[in-house]
Structure formats: structure tokens, C-alpha cells
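Q: Starting from the known structure of chain P, arrange chain B on it as the hints suggest.
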Amino acid sequence: RKEVEQDPGPFNVPEGATVAFNCTYSNSASQSFFWYRQDCRKEPKLLMSVYSSGNEDGRFTAQLNRASQYISLLIRDSKLSDSATYLCVVNKDTDKLIFGTGTRLQVFP
Amino acid sequence: GAVVSQHPSRVICKSGTSVKIECRSLDFQATTMFWYRQFPKQSLMLMATSNEGSKATYEQGVEKDKFLINHASLTLSTLTVTSAHPEDSSFYICSADRGYKDGDYGYTFGSGTRLTVV
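Chains P and B supply the protein sequences, listed in that same order.
287 is the number that the working numbering gives to position 107 of the first sequence; each next residue is one higher, with no gaps.
553 is the number that the working numbering gives to position 60 of the second sequence; each next residue is one higher, with no gaps.
Any given hint could turn out to be false.
[Unchecked claim] Cβ-Cβ distance ranges computed for the label pairs, FRET-style:
1) B/556 <-> P/207: 22 to 28 Å
2) P/235 <-> B/520: 37 to 43 Å
3) P/238 <-> B/576: 25 to 31 Å
4) B/533 <-> P/211: 27 to 33 Å
5) B/552 <-> P/232: 34 to 40 Å
6) P/256 <-> B/553: 21 to 27 Å
7) P/250 <-> B/535: 17 to 23 Å
8) B/508 <-> P/209: 40 to 46 Å
9) B/554 <-> P/238: 38 to 44 Å
10) P/220 <-> B/506: 19 to 25 Å
11) P/235 <-> B/510: 44 to 50 Å
Hints are computed from structural coordinates only; laboratory data are not their basis.
Ideal placement from N, C-alpha and C gives every residue a C-beta, glycine not left out.
The following block holds chain P by itself, in its conformation from the complex (with noise of 0.2 Å):
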């Protein structure tokens, strides 16, 4: 089994709508959440940390459910810009990250 694994879509969505990616994880020891966003040949950003309360970032929405071992990140009114590659990054061994393969999301007008 995959230490991280995601849906690599693609995910095409008409603009404004929403849009849920999901990932799970293997090491039940994970600390440390994050949804990345890489563009086509280049690296990987941070979009946002995931804790355990769950957090929103404007039109961003993470949560974690740690008994399950997943992490879901929800999109609303998705804009042509979202279109990209998401990345879910769960920490190891508390320093090292440890990437999924990443869902892509193609928004289109």
C-alpha cells in the first residue's frame, strides 16, 4: 500500500462549481497535513495546512479525520486559476514529507 494515496483524477469542472479531493495515509503515527499545488513543470507550493479542527482558507476547506486516516480538501466557486495539480503531503518520521501522486483539476469556463 501507497504511504499516501490520492485519486489522480483529472478532475474537469465547469467554473464556480465545487470541486472534493480526497487522500488517504498509511502511518497512523502522522503528525503533520498539508495540500500542496503544483503548476505544470514547476514546484510544489503551499496551499494550506490541514489540522485537526478542520480550517478554511477563503475559498479553501481542509479536514482530517484521523480515525479514518484521510484528508479532504474542498474547492468552492472554482476559479480557472485553481487548474492544477493537488498535492497531499503527510509528514514522516517528523521532518520528512512524504507526497501523493497528486489529483489534477482542470477547470474550465
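A: What follows is chain B alone, placed relative to chain P:
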């Protein structure tokens, strides 16, 4: 904010030659840096953890004699791909850890190096 500079951004080299990639933290000191590799349509795979002043820690399956890492100062880590072969062609990205601050882990990524071995 924390900035990590990575050079070169793109390099093409002949098979059998060596290529050095630099990763610098510009406005903070990084005792730990990480090197990743990403093949097309695949995830970033951690190759090694670079520790200032000591030997790097390599992930399973990564050849330490092929991917030489040097972390000589708190702001610079280098990855040298020795005797490169076409299968080493990939996107190499470094990440520096500015430490846990303001409730967040500070992992900042370099812009990546696209290596093509011909």
C-alpha cells in the same frame, strides 16, 4: 518570506558526465534540506535528507555514490549526479526547512532543475 534558490533551472548533459545542482536558502539558515526527484506524471519522491556538517541520509533504493550530496554551510546544499545516464533524466527539486514557526512547518521549495541526459 522564506526563499530557496535552485540552479540551474534546466540542464542538458551528455551521458557519462556529472551535473551539479545547487540549492540555497536566501534569507534563512537551513540545517536540513531535502532533495526530491519527480518523473513525469509521478509524485515527488524523497531521495535524501541533507544535514549541514554531516553526511546525508539517503532513502532506500537511492545510490549514495551516484547522487552525491554536500551541505557545507547553513545556506547551501548541492546535489551532484555522477556519471549521468538517460534514466536519470528527471525533475530534481530541493526543499529547505526553516523550522516550525507560527504554527506551521516551513518547508520551502526551490524552483526545480530539469535534467535531460542525452
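Q: Are the hints correct? Go through all of them and say.
A: For each hint, the structure was consulted:
The hinted window of 22 to 28 Å between residue 556 of chain B and residue 207 of chain P holds, with their beta carbons roughly 25 Å apart. At about 26 Å, the beta-carbon gap between residue 235 of chain P and residue 520 of chain B misses the expected band of 37 to 43 Å. Evaluation of the 25 to 31 Å hint for residue 238 of chain P and residue 576 of chain B yields a failure: the beta carbon distance comes to about 48 Å. For the pair residue 533 of chain B and residue 211 of chain P, the beta carbons lie near 31 Å from each other, so the given range of 27 to 33 Å is met.
For residue 552 of chain B paired with residue 232 of chain P, a C-beta distance near 28 Å fails the hint of 34 to 40 Å. Separation of residue 256 of chain P from residue 553 of chain B is about 40 Å and departs from the stated range, judged on CB atoms against 21 to 27 Å. The beta-carbon spacing between residue 250 of chain P and residue 535 of chain B, approximately 21 Å, falls within the hinted interval of 17 to 23 Å. In this structure the hint that residue 508 of chain B and residue 209 of chain P lie 40 to 46 Å apart at CB holds, the actual value being about 42 Å.
At roughly 40 Å, the beta-carbon separation of residue 554 of chain B and residue 238 of chain P lies within the given 38 to 44 Å, and the hint holds. Between residue 220 of chain P and residue 506 of chain B the Cβ separation comes to about 23 Å, which falls inside the hinted range of 19 to 25 Å. The supplied range of 44 to 50 Å is met by residue 235 of chain P and residue 510 of chain B, whose beta-carbon atoms lie about 47 Å from each other.
Hint compliance for this structure: hints 2, 3, 5 and 6 are broken, all remaining hints hold.
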